[in-house]
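> Here is how the chains run, residue by residue.
Protein chains: 2
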Amino acid sequence: MAPRKQQEIFDATLALLARRGYESLTIEGVAELSGVNKTTIYRWWPSKPALLAAALMEADALAFDPPDTGTLRGDLEALVEGVIALLTSPPSSDIAVAALGAAVHHPELNIGAFFADRFAREQEIFERARSRGEPAATADPLMVLDLLAGAVWVRAIFRGLPVEAGFARRAVSAVLDGVAGEEGADSEEGAGEEGAGGGEGAGGEARMGSEEGVGSGGEG
Amino acid sequence: MAPRKQQEIFDATLALLARRGYESLTIEGVAELSGVNKTTIYRWWPSKPALLAAALMEADALAFDPPDTGTLRGDLEALVEGVIALLTSPPSSDIAVAALGAAVHHPELNIGAFFADRFAREQEIFERARSRGEPAATADPLMVLDLLAGAVWVRAIFRGLPVEAGFARRAVSAVLDGVAGEEGADSEEGAGEEGAGGGEGAGGEARMGSEEGVGSGGEG
Numbered sequence: 001m002a003p004r005k006q007q008e009i010f011d012a013t014l015a016l017l018a019r020r021g022y023e024s025l026t027i028e029g030v031a032e033l034s035g036v037n038k039t040t041i042y043r044w045w046p047s048k049p050a051l052l053a054a055a056l057m058e059a060d061a062l063a064f065d066p067p068d069t070g071t072l073r074g075d076l077e078a079l080v081e082g083v084i085a086l087l088t089s090p091p092s093s094d095i096a097v098a099a100l101g102a103a104v105h106h107p108e109l110n111i112g113a114f115f116a117d118r119f120a121r122e123q124e125i126f127e128r129a130r131s132r133g134e135p136a137a138t139a140d141p142l143m144v145l146d147l148l149a150g151a152v153w154v155r156a157i158f159r160g161l162p163v164e165a166g167f168a169r170r171a172v173s174a175v176l177d178g179v180a181g182e183e184g185a186d187s188e189e190g191a192g193e194e195g196a197g198g199g200e201g202a203g204g205e206a207r208m209g210s211e212e213g214v215g216s217g218g219e220g
Numbered sequence: 001m002a003p004r005k006q007q008e009i010f011d012a013t014l015a016l017l018a019r020r021g022y023e024s025l026t027i028e029g030v031a032e033l034s035g036v037n038k039t040t041i042y043r044w045w046p047s048k049p050a051l052l053a054a055a056l057m058e059a060d061a062l063a064f065d066p067p068d069t070g071t072l073r074g075d076l077e078a079l080v081e082g083v084i085a086l087l088t089s090p091p092s093s094d095i096a097v098a099a100l101g102a103a104v105h106h107p108e109l110n111i112g113a114f115f116a117d118r119f120a121r122e123q124e125i126f127e128r129a130r131s132r133g134e135p136a137a138t139a140d141p142l143m144v145l146d147l148l149a150g151a152v153w154v155r156a157i158f159r160g161l162p163v164e165a166g167f168a169r170r171a172v173s174a175v176l177d178g179v180a181g182e183e184g185a186d187s188e189e190g191a192g193e194e195g196a197g198g199g200e201g202a203g204g205e206a207r208m209g210s211e212e213g214v215g216s217g218g219e220g
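Taken in sequence, the protein lines are chains A and B.
Quick note on UniProt numbering: the first sequence kicks off at 1 and runs consecutively.
Quick note on UniProt numbering: the second sequence kicks off at 1 and runs consecutively.
If we strip away everything but chain A, and leave its shape as in the complex, we get (with noise of 0.2 Å):
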């Protein structure tokens, strides 16, 4: 098949999903909407769980490339706003919502493939880092990477919280700094004394802006 073809049927499944959910998805819908004949999709796909799984993988629409600006902390800080465009604004933050939804109740749409796919190219950001030689480099990329992704996750869909300018830098700093680093960050001292040096920096901005944060949604 060609492969814009390909990717128009993609595309029309993941907006099928993001417009009507998982349950109302279906391969006619899609044949519809892409304007490719349903026997065609069938070939090629057996079921609409081995549909949407390959579309989770390949749309354009999650398309994903490592960032490389040339540090560590810039990739992750460039990944992290990546997730952040990718969770918060339309159309890709239904389809991440109605697709994480479906996952959930669907085991066999392996939303675990989707993810170590994505892992298996964000450990270039990590073997780039290691070449130069930065120290931070030997962190674990596994974790760090579930930290990052996690919290953005969290933030942005589970508390539904705004997610303010400054987070990616931040949720970095901690991640490679430490918290304490955190309000080092901007004075010279600390960072080195205890993994928890002292200083003035960040930390109240970034204490204002989470309760501001909370204030203007969370309970609400």
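Some hints here could point you the wrong way.
Note that identical chains are pooled: a pair holds if it fits in a single copy or bridges any two copies.
[Claimed, not checked] 25 Å max Cα-Cα, derived DMTMM-like pairs, lysine to aspartate or glutamate:
id: 1; residue 1: K48; residue 2: D94
id: 2; residue 1: K48; residue 2: E23
id: 3; residue 1: K38; residue 2: E23
Rather than coming from a laboratory, the hints here were simulated on the basis of the structure.
For chain A, the structure is supplied; the task is to place chain B on it using the hints.
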């Protein structure tokens, strides 16, 4: 209504949610399982979403007491262990996953209120740490909790990977100390150069643990 009766209704609601999913959950079903008259349930909670939202917030099955171990690190590790248990041991794992799936499709369940309620109680941990004068207690609690809870969700639910022993300790260390502290273990050089104090630690073991985790379930 007597608190015990109310708990029976909530527990029945969550048990049916986990067993059959949100679409098949009915107040009739809850009445039958809990042995409480349907009209009594309707008198207290006028709709299915109202009942489920109350059950998520109040049910014993998802009950939460902030840990109090005497240190911020200990409290956070206990908190992460609690999230791991919640998300990996039935019946709570089935309930949590079903509730998440329902919440992403049904904004009226207002899962954000559930997370806001949890956060309000989790803040005690940081207040106690501040009153003890622990330096890391000046960190942004919301960010710390988003990172830690998010990491467990991504690892256990999204990736569908086993959560290895030591995960809580390593996750908390990453956020409190930074991952550069983790790595100091293997290399003598490096750590500290980069705004990230040195220190020996669990780095080597940590990395092994995670590779094992990926290998054993990630790409399947």
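> Against this structure, judge whether each hint is valid.
Verification of the supplied hints:
Taking the shortest alpha-carbon separations for K48 and D94, both the intra-copy value of 19 Å and the inter-copy value of 24 Å come in at or below 25 Å. Within a single copy, K48 and E23 get their C-alpha atoms as close as 10 Å, and across copies as close as 20 Å, so both meet the 25 Å cut-off. When the C-alpha separation of K38 and E23 is checked against a cutoff of 25 Å, the pair qualifies only within one copy, where the shortest distance is 18 Å, while the shortest distance between copies is 28 Å.
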